[in-house]
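Chemist: Add chain A to chain E, keeping to what the hints say.
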Amino acid sequence: MRNAFAACLEELAAQDPRIVLLSGDIGNRLFDRFKERFPGRFYNCGVAEANMTGVAAGLAKAGLRPLTYTITPFNTTRCLEFIKLDICAHRLPVVVVGVGAGLSYAELGPTHHACDDLGLLGLLPDLTLLCPADARETRAALRAALAHAGPCYLRLGKKGEPDVFDAEPPFEIGALRPLRAGREVVLLTYGPLLPEVLAAGAALDATVVAVPTVKPLDTAGLAALAATGRLVTVEEHALRGGLGAAVAAWLAASGQPARLLTLGVPDQFLVTAGGQEAQRAACGIDTAGIVAQVRTWRQQLGDVT
Amino acid sequence: MKKLSPSECAAQCKVIRRHIIEMLCAAGSGHPGGSLSATELVTAIYFHFLNQDPAQPEAPDRDRFILSKGHGVPVQYACMAERGYFPVSELATLRKIDSRLQGHPVKGALPGIEASTGALGQGLSIACGHALAGQLDGAAFRVYCLLGDGEINEGQVWEAALFAAHRRLDNLIAIVDANALQLDGRCTEILNIEPLAAKWTAFGWHVIELDGHDLPAIYAALEEALAHRGQPTCLVARTVKGKGVSFMENQVEWHGVAPTAEQARQALAEIG
Numbered sequence: 013m014r015n016a017f018a019a020c021l022e023e024l025a026a027q028d029p030r031i032v033l034l035s036g037d038i039g040n041r042l043f044d045r046f047k048e049r050f051p052g053r054f055y056n057c058g059v060a061e062a063n064m065t066g067v068a069a070g071l072a073k074a075g076l077r078p079l080t081y082t083i084t085p086f087n088t089t090r091c092l093e094f095i096k097l098d099i100c101a102h103r104l105p106v107v108v109v110g111v112g113a114g115l116s117y118a119e120l121g122p123t124h125h126a127c128d129d130l131g132l133l134g135l136l137p138d139l140t141l142l143c144p145a146d147a148r149e150t151r152a153a154l155r156a157a158l159a160h161a162g163p164c165y166l167r168l169g170k171k172g173e174p175d176v177f178d179a180e181p182p183f184e185i186g187a188l189r190p191l192r193a194g195r196e197v198v199l200l201t202y203g204p205l206l207p208e209v210l211a212a213g214a215a216l217d218a219t220v221v222a223v224p225t226v227k228p229l230d231t232a233g234l235a236a237l238a239a240t241g242r243l244v245t246v247e248e249h250a251l252r253g254g255l256g257a258a259v260a261a262w263l264a265a266s267g268q269p270a271r272l273l274t275l276g277v278p279d280q281f282l283v284t285a286g287g288q289e290a291q292r293a294a295c296g297i298d299t300a301g302i303v304a305q306v307r308t309w310r311q312q313l314g315d316v317t
Numbered sequence: 025m026k027k028l029s030p031s032e033c034a035a036q037c038k039v040i041r042r043h044i045i046e047m048l049c050a051a052g053s054g055h056p057g058g059s060l061s062a063t064e065l066v067t068a069i070y071f072h073f074l075n076q077d078p079a080q081p082e083a084p085d086r087d088r089f090i091l092s093k094g095h096g097v098p099v100q101y102a103c104m105a106e107r108g109y110f111p112v113s114e115l116a117t118l119r120k121i122d123s124r125l126q127g128h129p130v131k132g133a134l135p136g137i138e139a140s141t142g143a144l145g146q147g148l149s150i151a152c153g154h155a156l157a158g159q160l161d162g163a164a165f166r167v168y169c170l171l172g173d174g175e176i177n178e179g180q181v182w183e184a185a186l187f188a189a190h191r192r193l194d195n196l197i198a199i200v201d202a203n204a205l206q207l208d209g210r211c212t213e214i215l216n217i218e219p220l221a222a223k224w225t226a227f228g229w230h231v232i233e234l235d236g237h238d239l240p241a242i243y244a245a246l247e248e249a250l251a252h253r254g255q256p257t258c259l260v261a262r263t264v265k266g267k268g269v270s271f272m273e274n275q276v277e278w279h280g281v282a283p284t285a286e287q288a289r290q291a292l293a294e295i296g
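As they're listed, the protein sequences go chains E and A. Per my numbering: the first sequence ends with 317, consecutive numbering throughout. Per my numbering: the second sequence ends with 296, consecutive numbering throughout.
Isolated chain E, as found in the complex (with noise of 0.2 Å):
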């Protein structure tokens, strides 16, 4: 997914010399032929997050279209009252970008874990949470943050996900995108996820439905969808915070007979060792785990036996 932001950003940066990208000291070979080509607007700023934030917003505020781009809980978590203040209380075109949502970094352990940046950016007025599943989605979400008017989160994977979508998807903010018609359960799933939930789809008859737009939710697809009764939500995130909690509050508030299960990372650090791979199967939120507890979770709704 980095491959593509940074390829796709080349391209847009050609078209549009507003763009500005700022970097908390990596990305130099990712980034070496945006540097060249785009000489005076690729800053590594360090590893000095909260500045950069800062640095950011003060683009924004002389007409540029700055990025920030670091792993991801530095440039969230870290930076959370430079991002609140600076960014989105300026309602600031920033498109701040994490690299390694959720448990992409699972073997460096939590300080490298990004489980709760969207419960936390999620807290924020004007904040849009976009969460592509794989490289084009990817680029389609940095198009749509880089025409959009007001602040973006940009949650990325790192590299290698696998591909979900054959072609650049179109990609409208607060939309919905159905992905697979099934007869039992929706099962709704944002990022690079989504490979997992497909194939748990497919083993269960379900639908499933993305939702790169974490935030606005698409609270009118939200009531259709809920019109079949069985809502499962699927994340590499906290319970608390991310898809499933606001699913969870919009329905209480919708007034809609909908039952919802919420699967995703337990709320505890993590503090074992383990690939990505080995973490989601151990919070539950593979293929395999997936299909459990829904399984489970339907035999004691009554819907089957």
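Possibly wrong hints are sitting among the right ones.
To be verified - Within a straight-line C-alpha distance of at most 20 Å, the following computed EDC-like cross-link-like pairs (lysine to aspartate or glutamate) qualify:
no. : chain 1 : residue 1 : chain 2 : residue 2
1   : A       : Lys131    : E       : Asp279
2   : A       : Lys27     : A       : Glu248
3   : E       : Lys170    : E       : Glu22
4   : E       : Lys73     : E       : Asp28
5   : E       : Lys170    : A       : Glu277
6   : A       : Lys223    : A       : Asp235
7   : E       : Lys170    : E       : Glu289
8   : A       : Lys26     : A       : Asp122
9   : A       : Lys27     : A       : Asp122
10  : A       : Lys223    : A       : Asp238
11  : E       : Lys170    : E       : Glu184
12  : A       : Lys120    : E       : Glu23
13  : E       : Lys47     : A       : Asp87
14  : E       : Lys171    : A       : Glu277
15  : E       : Lys47     : E       : Glu23
16  : E       : Lys170    : E       : Asp146
17  : E       : Lys171    : E       : Asp28
18  : E       : Lys47     : A       : Asp235
Rather than coming from a laboratory, the hints here were simulated on the basis of the structure.
Modeler: Below, chain A without anything else, positioned relative to chain E:
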């Protein structure tokens, strides 16, 4: 604990470097450059200066060692295993499923790890807290905190530097592993942090600049720091990233890449 002399410590450093190469090769990922640059510093601390019982790593009167540059944790794991905190065989589990040896130090997973670090910039503040508690309690323990020169781009480090000097935390020793490279390039090219010694001096610290691979110099500097009263001490240790392995030395590419089996063989042959 038997306190190693500088020459004994030099022999121990070879063992530590071998562990670093072997564990990173087995893990298939990790940070060799900043582990090898800090080898003499961390080994000297663990095998001569750190007053800590591996059997009781939570004892209230223990010295504290906080690895603020958490990505360098392989050198700490190697020292801890050799000092008996856990079996040397466990080093091979680095970054493996269910291992206590995460890619960055995690407090709680492995007894003897003082703080979860690796986000960079926060370790010195935690160290200040320990040191202030020691000062308030009139305790004799010392707090050692190892930082990277890239890491101290982070503004929080300088807030901690102000605090430590203001509170006269003379039980606190910061050590900057100044290997002159950060993740993405030379420190002077990414975000220049020099002149380092002048900065720490200006922040009110007692500063000792030294060759961070010269064990007699490291011992002398740490002894001086322990004796110095009224100010925290900062060792600005000039080091070589990837020290001890010719093809890793001073190569920014070896910040966060593990050696292949063939590269590991060559590295081990060079280390001896």
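Chemist: Taking the hints in turn, state whether each one holds.
Modeler: Against the structure, the hints come out as follows:
{"no.": "1", "hint": "A/Lys131 / E/Asp279", "in the structure": "17 Å, holds"}
{"no.": "2", "hint": "A/Lys27 / A/Glu248", "in the structure": "17 Å, holds"}
{"no.": "3", "hint": "E/Lys170 / E/Glu22", "in the structure": "18 Å, holds"}
{"no.": "4", "hint": "E/Lys73 / E/Asp28", "in the structure": "17 Å, holds"}
{"no.": "5", "hint": "E/Lys170 / A/Glu277", "in the structure": "18 Å, holds"}
{"no.": "6", "hint": "A/Lys223 / A/Asp235", "in the structure": "18 Å, holds"}
{"no.": "7", "hint": "E/Lys170 / E/Glu289", "in the structure": "14 Å, holds"}
{"no.": "8", "hint": "A/Lys26 / A/Asp122", "in the structure": "33 Å, violated"}
{"no.": "9", "hint": "A/Lys27 / A/Asp122", "in the structure": "33 Å, violated"}
{"no.": "10", "hint": "A/Lys223 / A/Asp238", "in the structure": "23 Å, violated"}
{"no.": "11", "hint": "E/Lys170 / E/Glu184", "in the structure": "23 Å, violated"}
{"no.": "12", "hint": "A/Lys120 / E/Glu23", "in the structure": "39 Å, violated"}
{"no.": "13", "hint": "E/Lys47 / A/Asp87", "in the structure": "47 Å, violated"}
{"no.": "14", "hint": "E/Lys171 / A/Glu277", "in the structure": "18 Å, holds"}
{"no.": "15", "hint": "E/Lys47 / E/Glu23", "in the structure": "13 Å, holds"}
{"no.": "16", "hint": "E/Lys170 / E/Asp146", "in the structure": "10 Å, holds"}
{"no.": "17", "hint": "E/Lys171 / E/Asp28", "in the structure": "26 Å, violated"}
{"no.": "18", "hint": "E/Lys47 / A/Asp235", "in the structure": "35 Å, violated"}
In summary, the structure is inconsistent with hints 8, 9, 10, 11, 12, 13, 17, 18 from the numbered list given earlier, while agreeing with the others.
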